[in-house]
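Generate the whole structure from the sequences, applying the supplied hints.
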Amino acid sequence: MTVDGFALAHLRRSPLGHLADRLAAAEATGPGGVRLREIPFLAQLNLRLDPAGPAAARAAEALGAPLPTLAGSVVATADLRVLWLGPDEWLVVGADGAAPTIEHALRRALGDEPGSVVDVSANRTTLELSGPSARSVLEQGCSLDLHPRAFGPGRCAQTTVAKVQLVLDQIDAEPSYRLLVRGSFAQYLADWLLDATGE
Amino acid sequence: MLLIACPWCGERDETEYHYGGQAHVAHPADPHALSDAEWGAYLFVRDNPKGEFAERWMHAAGCRRWFNVVRHTVTHDISAVYPAGQPRPVPPSDEHSEVTA
Ligand SMILES: [Zn+2]
Chain A
1 MTVDGFALAH
11 LRRSPLGHLA
21 DRLAAAEATG
31 PGGVRLREIP
41 FLAQLNLRLD
51 PAGPAAARAA
61 EALGAPLPTL
71 AGSVVATADL
81 RVLWLGPDEW
91 LVVGADGAAP
101 TIEHALRRAL
111 GDEPGSVVDV
121 SANRTTLELS
131 GPSARSVLEQ
141 GCSLDLHPRA
151 FGPGRCAQTT
161 VAKVQLVLDQ
171 IDAEPSYRLL
181 VRGSFAQYLA
191 DWLLDATGE
Chain B
1 MLLIACPWCG
11 ERDETEYHYG
21 GQAHVAHPAD
31 PHALSDAEWG
41 AYLFVRDNPK
51 GEFAERWMHA
61 AGCRRWFNVV
71 RHTVTHDISA
81 VYPAGQPRPV
91 PPSDEHSEVT
101 A
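Keeping their order, the protein sequence lines are chains A and B. Residue numbering for the first sequence follows our numbering, starting at 1 and increasing by one per position. Residue numbering for the second sequence follows our numbering, starting at 1 and increasing by one per position.
It is worth saying that the hints were derived from the structure and are not from the lab. Just so you know, these numbers come straight off a predicted model, no measurement behind them. Mixed in with the good hints, there may be bad ones.
To be verified - Dumping the calculated EDC-like pairs for lysine to aspartate or glutamate here, alpha-carbon to alpha-carbon at most 16 angstroms: (1) A:K163 x A:E139; (2) A:K163 x A:D191; (3) A:K163 x A:D195; (4) A:K163 x B:D13; (5) B:K50 x B:D77; (6) A:K163 x B:D77.
Put into structure tokens, the structure is as follows:
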């Protein structure tokens, strides 16, 4: 990351960087295992446009996958996860550093159509909770039905966990979840999760 | 706690929502033509039925969309959920009342 030629990446502080050791130490292995880690600085682009308009097809081409139109669904490519946030709103999640490239591509796709492309990467950090016990940990603070019959890989939801508003994205069937949470709530949520994994 | 079905996200806890008061209160076409009393009535006077009430809710912790709910103010039974901008559905009891149970 550079601004006016100065390399600033080494100055960045992620909201949970100071907790990395505690998160790693909380790992439990075996059939009841669970792992917790921060995935800092993911690229996050908020996209709003008319799903029936010409920009939707152009955005699909730019992203390499159609925008998910089913409520609470995720479309994944090799590099990106596109999360349904609303009937005309999506969150495009990519790797650290990818935000300017994604933003540029989406702006070109949007063109003069009504809508918006906003880099919201600094809004949230990401906690990854995985392992055979991940679902039971999450269920202690989340009222959604996370059983495989109702939720699974390729599903996302904006909801609350331990009263904290977040975006929940199930990555795989192990299960692994990504919890995209505002920086100012991240420490509270991490503390709550550390407590819940000890239950 | 109420369980409210967002038209997009499905059933979620009441705590995920924001209440928006009576639905279908149309903005006056020409506010300048209204008397102070009429403008005051538009701003502040709302129905207060003992029974079914069409009201606005917003899925604040979820998809952040406004929609309408028909809720019974005594029993809290929710008989209809429909997107904002759509007319209030006719309750089944008003149509073919002698046919339906
Ligand atoms: Zn919703």
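Results for each hint:
1. A:K163 x A:E139: Given that 16 angstroms is the threshold and the Cα spacing comes to 12 angstroms, the pair holds.
2. A:K163 x A:D191: holds (13 angstroms)
3. A:K163 x A:D195: holds (15 angstroms)
4. A:K163 x B:D13: holds (11 angstroms)
5. B:K50 x B:D77: Distance of about 12 angstroms is within 16 angstroms: holds.
6. A:K163 x B:D77: Cα-Cα ~25 angstroms, so violated.
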